[in-house]
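Novice: Using the hints provided, position chain B relative to the given structure of chain A.
Sequence order for the protein chains is A and B. Following the working numbering, the numbering of the first sequence begins with 1 at its first residue and continues without gaps. Following the working numbering, the numbering of the second sequence begins with 243 at its first residue and continues without gaps.
Subject to a maximum C-alpha distance of 30 Å in a straight line, what follows is the list of computed DSS-like cross-link-like pairs (lysine-lysine):
| hint | chain 1 | residue 1 | chain 2 | residue 2 |
| --- | --- | --- | --- | --- |
| 1 | B | Lys440 | A | Lys51 |
| 2 | A | Lys185 | B | Lys317 |
| 3 | A | Lys50 | B | Lys317 |
| 4 | B | Lys317 | B | Lys495 |
Over 10 Å on every C-beta distance to chain A, these chain B residues come out as not near it, computed from the model:
| hint | residue |
| --- | --- |
| 5 | Glu271 |
| 6 | Ala272 |
| 7 | Ala277 |
| 8 | Asn308 |
| 9 | Pro335 |
| 10 | Pro338 |
| 11 | Gly432 |
| 12 | Trp435 |
| 13 | Glu476 |
| 14 | Leu478 |
| 15 | Thr480 |
| 16 | Arg484 |
| 17 | Met486 |
| 18 | Asp490 |
| 19 | Leu509 |
| 20 | Gly511 |
FYI, nobody ran anything at the bench for these hints, they're computed from the structure. Glycine included, each C-beta is placed from N, C-alpha and C at the ideal position.
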Amino acid sequence: MPQQVPRLIAVFVVALAALIGARMALVPDTFGDLGHYRAAAVDSITAHPKKYAGHAECSLCHGPIAEQRLTSNHRTVTCEVCHGPAAQHTTAPMDIKPTAPRERGLCPLCHSYNPSRPTGFPQIDEVAHNPLTPCITCHDPHAPEPPEVPEECSACHGQIARQKAVSHHTNLQCTVCHEAREEHKVNPRANRPSKPVQRSFCGVCHAQDDLSGERIPQIDLRSHGEPYMCWQCHYPHRPESG
Amino acid sequence: MTVPEQPETVTEGERATDGAVDRRQFLTEALNVAAGAAPLVILGVVRIPAAGAQEAAGAVDQDEHNYAMGIDVNKCIGCARCVVACKTENDVPDDPEFFNTWIERYVIRPNGEVEVDSPNGGIDGFPPLDEETDLRRSFFVPKLCNHCASPPCVQVCPVGATFTTVDGVVLVDDEYCIGCRYCIQACPYGARWMHPEKHVAAKCTFCYHRVVDGLVPACVEVCPTGARIFGEVERLATPLARFMRFNDVQVLKPHLNTRPKAYYANLDGEVR
Numbered sequence: 001m002p003q004q005v006p007r008l009i010a011v012f013v014v015a016l017a018a019l020i021g022a023r024m025a026l027v028p029d030t031f032g033d034l035g036h037y038r039a040a041a042v043d044s045i046t047a048h049p050k051k052y053a054g055h056a057e058c059s060l061c062h063g064p065i066a067e068q069r070l071t072s073n074h075r076t077v078t079c080e081v082c083h084g085p086a087a088q089h090t091t092a093p094m095d096i097k098p099t100a101p102r103e104r105g106l107c108p109l110c111h112s113y114n115p116s117r118p119t120g121f122p123q124i125d126e127v128a129h130n131p132l133t134p135c136i137t138c139h140d141p142h143a144p145e146p147p148e149v150p151e152e153c154s155a156c157h158g159q160i161a162r163q164k165a166v167s168h169h170t171n172l173q174c175t176v177c178h179e180a181r182e183e184h185k186v187n188p189r190a191n192r193p194s195k196p197v198q199r200s201f202c203g204v205c206h207a208q209d210d211l212s213g214e215r216i217p218q219i220d221l222r223s224h225g226e227p228y229m230c231w232q233c234h235y236p237h238r239p240e241s242g
Numbered sequence: 243m244t245v246p247e248q249p250e251t252v253t254e255g256e257r258a259t260d261g262a263v264d265r266r267q268f269l270t271e272a273l274n275v276a277a278g279a280a281p282l283v284i285l286g287v288v289r290i291p292a293a294g295a296q297e298a299a300g301a302v303d304q305d306e307h308n309y310a311m312g313i314d315v316n317k318c319i320g321c322a323r324c325v326v327a328c329k330t331e332n333d334v335p336d337d338p339e340f341f342n343t344w345i346e347r348y349v350i351r352p353n354g355e356v357e358v359d360s361p362n363g364g365i366d367g368f369p370p371l372d373e374e375t376d377l378r379r380s381f382f383v384p385k386l387c388n389h390c391a392s393p394p395c396v397q398v399c400p401v402g403a404t405f406t407t408v409d410g411v412v413l414v415d416d417e418y419c420i421g422c423r424y425c426i427q428a429c430p431y432g433a434r435w436m437h438p439e440k441h442v443a444a445k446c447t448f449c450y451h452r453v454v455d456g457l458v459p460a461c462v463e464v465c466p467t468g469a470r471i472f473g474e475v476e477r478l479a480t481p482l483a484r485f486m487r488f489n490d491v492q493v494l495k496p497h498l499n500t501r502p503k504a505y506y507a508n509l510d511g512e513v514r
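Excised from the complex, chain A in its bound form:
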């Protein structure tokens, strides 16, 4: 054997030992067990304490209220939305109580009017809607159906009401064009109000041959905008905005 071979072997053995030693020192335990990461990290992340118990946990003790909520308009609003995180309450029910907001501040977080909210979502004008009265005076949060049938469509359709209020159609009642059954007020999406379906409906006021007066714009229904329906170009709640 040439004399340089043993020396080279020694160098390789030392280098290999250094590599293995360095890896054993630097690569953490469980690294690579599941992939290119520390498997133990998953355990420490799953050990994070929960703050929200989940609505299923609440209904174990508060069955009747949970039941009531499930049949109301708040059926998608789980307990901890209003009452706050309750995981600690589930472990020490008597010592740690979740909050039960009774003042006016909480409900408007969802129900104050905001033009970015989806239309049809019940939104009130905080200034005009029974000012300073706590919401729970009239509404049971676990079954928040309005105590009286809303007189104004604007209780839910705030955006439309606001647009109509500044338009030439401001004096038209919603019911001139829409027919809403009583059930619409308690189960809105399953009982949608009617809408006009024919051009002649708008023609009652806007056709050339009707007698509604000079201040109302009048057009020849046979030629104007044919074949489109009126509301495909004119937004009825604010016709001048197009």
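Specialist: Coordinates of chain B only, in the frame set by chain A:
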């Protein structure tokens, strides 16, 4: 007539001496190399992921899962209860720059200009709009980590401190993270932030500590309108499967090929 000469046959021994390797030699040497490499595996230089080790990680069988979230933009009312719940559940600092999830308000002006704001993630509400004169349309978009199937943040982590679990959730190992911020730069959705006290990257975990116990993430639990739907990508007869069936579903920034798993329904074309 003479018989044509047979071509000269080469014997086994002669071929070996040519410098070529015969089958017997090849197999012997290959086995020797394999035997030599075995200690490396044992000593941990080369790691082979163990198949059984995954079961120890959680209470449920995680191989079965591939978690995802559906978000119906038409149902979001911008109440930001999800943002509050997330901050509480995950001990996110109160400061207005740290969010695992947040609500963006999009305002499209009549001239087509798009404005996006998210003051304190939406927790304190949104400043009023002059809707009569200056608004074409407006809506809220909840944002969070998309838990991409091809996550750029995992790709760039130099130490393997951020990773995708076996059930498709992207997590950060905050004991091993070196705080280099490379993943924060790499995330195209702005979903990561630097923890001001721990000095490590932090992000949405899909509330992994809840999910492994069969609960839904805190933001989904408290969403009052059901705009957020948690589930699994391929699991049938679930709320998410129904959401995917009956909606035109989009993801954010699909051109980046990150394959996000936050699926948006009724998403406006202006949303980035």
